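> Just so you know, the sequences run in chain order A and B. Under this note's numbering, the first residue of the first sequence carries the number 20, and numbering increases by one thereafter. Under this note's numbering, the first residue of the second sequence carries the number 20, and numbering increases by one thereafter.
In short, the hints are calculated from the structure, not lab data. Since the model is a prediction, treat every value here as computed from it, not as a measurement. Beta carbons are placed, not taken as given, at the ideal position from N, Cα and C, and that holds for glycine. Misleading hints may appear alongside valid ones.
Unchecked claim - Reference excerpt, derived from the structure (chain A facing chain B, CB under 8 Å, subset only):
id	residue
1	Ile167
2	Ile170
3	Arg203
Claimed, not checked - A partial selection of chain B residues facing chain A, derived with a Cβ cut-off under 8 Å:
id	residue
4	Phe67
5	Leu70
6	Leu71
7	Phe95
8	Val163
9	Ile167
10	Asn169
11	Ile170
12	Ala171
13	Gln173
14	Gln199
15	Ser202
16	Arg203
17	Pro205
18	Val283
There are 2 protein chains.
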Amino acid sequence: MTTATLLPTQPADIRRIIRAGEYAGVTAGLANGHVQANLAVLPRELAFDFLLFCQRNPRPCPLLEVIEAGAVEPAFTAPGADIRTDVPAYRIYERGELAGEVQSVADLWRDDLVSFLLGCSFSFEAAMSDAGIPLRHQEAGSNVPMYITNIATQPAGIFSGPMVVSMRPIPQEQIVRSVQVTSRFPDTHGAPIHIGNPDAIGIRDIDAPEFGDAVEIRPGETPVFWACGVTPQAVALNCKPPLMITHAPGKMFITDRRDADYAVI
Amino acid sequence: MTTATLLPTQPADIRRIIRAGEYAGVTAGLANGHVQANLAVLPRELAFDFLLFCQRNPRPCPLLEVIEAGAVEPAFTAPGADIRTDVPAYRIYERGELAGEVQSVADLWRDDLVSFLLGCSFSFEAAMSDAGIPLRHQEAGSNVPMYITNIATQPAGIFSGPMVVSMRPIPQEQIVRSVQVTSRFPDTHGAPIHIGNPDAIGIRDIDAPEFGDAVEIRPGETPVFWACGVTPQAVALNCKPPLMITHAPGKMFITDRRDADYAVI
């Protein structure tokens, strides 16, 4: 099994190794400067409602690409790739329950499956790092803390539920800069959803995130919250679709597109 | 019949007058500071493909809201409004052919119709005016010139075709500013598609626009092109859907949302 440090730097080369089953690890730090994506695959009869859900909730669900039923190539974000094999690990959910984790879904692919690629926070975290804003969870080598809020998403068809947010402690003198820097990337969650008061968005215990790992908030730092790509998965699973396939946590689809391609200004 | 100068200034009040059949004119200049929208209504069986077409072509097709089949209220952008009656005039197309222009489509409404509201250029034109950038077509009291280009849109299902652009002559020293100002509004067409060379995007005669009116390009000015909301209508009609309803040219749906709500930064 290849380790992350031995991997090439270009997206297509990394995807080839993943496709061959030779790398099944996390993708943070791989193909630096390129956009990574969350994956959600649903049967066609749910596709209009899920697409509309994403349109209505662009902060938690920024759509990068939709691969129509009958196709498996992300023609816009990664021409030549195969969405059935090029993610390091997939999770299979049946009626909302985890049924397995696999390195390829080629065996169980069907012609009625529609694939949704959604932006993830790696892009704006790179921009924050470039701006000298510290990222506590990266320093700690842990996963970003994520919380279920009392902010309702805008429903579409059967899809509804609360927004999930990620939290990063920001030194007070860098909060304005963190808003500016992330605002440039609306396709990868964009500007913060909330600054400062966890209670105001229904977070009772900042030290007990629903997903990921708690991080220290130091004196002089303020918790800042961004919409999180876990939201669409949580919402979709909540409605218990007969079949849903996602990437495994932290093991994203690596596109050919550059972070800078998605900066609005 | 009420004239534009006698109309109130608030969107809901104007919509009430339009609904009562007392105003059927153009909406430019009405409810200043509020977002106006292009309308496209299609039967449900085409809705997924059209929604996906918009997702793939956000510059010409910036989706503000989708009203699902069975509903007629734009709950997000104009709560309380009725999409069947609150546009000054509608065009009815059957198999791609204009079949009539009416002030209400309440009579012919069906439960399987899905309504798409798309951003229009009025928002970014207001921002350009505020920045002191001249708008020739407004000075001339004419419609903005629009051209069919050789830029292909990204197809989705049955929908495909060339991008339509609008053109504004910009003094060379204000081109950078016009890029900056319009980039802030990706939901109302955003930054220019092309600067300077009509030929490069397949426009053979700048004095013969396919839609709207030609405008003078003065010495020291450069033609600058933006994606145009006529694109989705042209593309949809091109595929000859059994029924399609749109707003009549220049007679838009006035939302409650403010231009500033859509500025990304």
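> Hint by hint, say whether it matches the structure.
These are the hints, each one checked on the structure:
1. The interface hint given for Ile167 (chain A) is violated, since its Cβ lies 23 Å from the closest Cβ of chain B, which is over the 8 Å cut-off.
2. Using the Cβ-Cβ criterion of 8 Å, the hint placing Ile170 (chain A) at the interface with chain B is not satisfied: the shortest such distance is roughly 15 Å.
3. Of the supplied interface hints, the one on Arg203 (chain A) holds, with its beta-carbon coming within about 7 Å of a beta-carbon of chain B, less than 8 Å.
4. The criterion of a C-beta within 8 Å of any C-beta in chain A is met by Phe67 (chain B), whose closest approach is roughly 4 Å, and the hint holds.
5. Because the smallest distance between the Cβ of Leu70 (chain B) and any Cβ of chain A comes to about 5 Å, under 8 Å, the interface hint for this residue holds.
6. Annotation: interface hint on Leu71 (chain B) holds; nearest CB of chain A at approximately 6 Å, less than 8 Å.
7. Checking Phe95 (chain B) against chain A: minimum C-beta separation of about 7 Å stays under 8 Å; hint holds.
8. The beta carbon of Val163 (chain B) comes no nearer than 23 Å to any beta carbon in chain A, farther than 8 Å, and the hint placing it at the interface is violated.
9. Residue-level restraint check for Ile167 (chain B) is violated (minimum Cβ-Cβ distance to chain A is 23 Å; threshold 8 Å).
10. For Asn169 (chain B), the interface hint is violated, since its Cβ never comes within 8 Å of a Cβ in chain A; the closest pair sits about 20 Å apart.
11. For Ile170 (chain B), the interface hint is violated, since its Cβ never comes within 8 Å of a Cβ in chain A; the closest pair sits about 15 Å apart.
12. Checking Ala171 (chain B) against chain A by beta carbon gives a least distance of about 13 Å; that is not within 8 Å, so the hint is violated.
13. The criterion of a C-beta within 8 Å of any C-beta in chain A is met by Gln173 (chain B), whose closest approach is roughly 7 Å, and the hint holds.
14. Hint on Gln199 (chain B) holds. Least Cβ distance to chain A is approximately 7 Å, under the 8 Å limit.
15. Restraint check, Ser202 (chain B) versus chain A: the minimum CB separation of about 4 Å is within 8 Å; hint holds.
16. Taken as an interface hint, Arg203 (chain B) checks out: its beta carbon lies about 7 Å from the nearest beta carbon of chain A, inside 8 Å.
17. The beta carbon of Pro205 (chain B) is positioned within 8 Å of a beta carbon in chain A (closest approach about 6 Å), and the interface hint is therefore held.
18. Look at Val283 (chain B): its Cβ gets to within about 5 Å of chain A, closer than 8 Å, so that hint holds up.
Of the numbered hints stated above, those contradicted by the structure are hints 1, 2, 8, 9, 10, 11 and 12, listed in ascending order.
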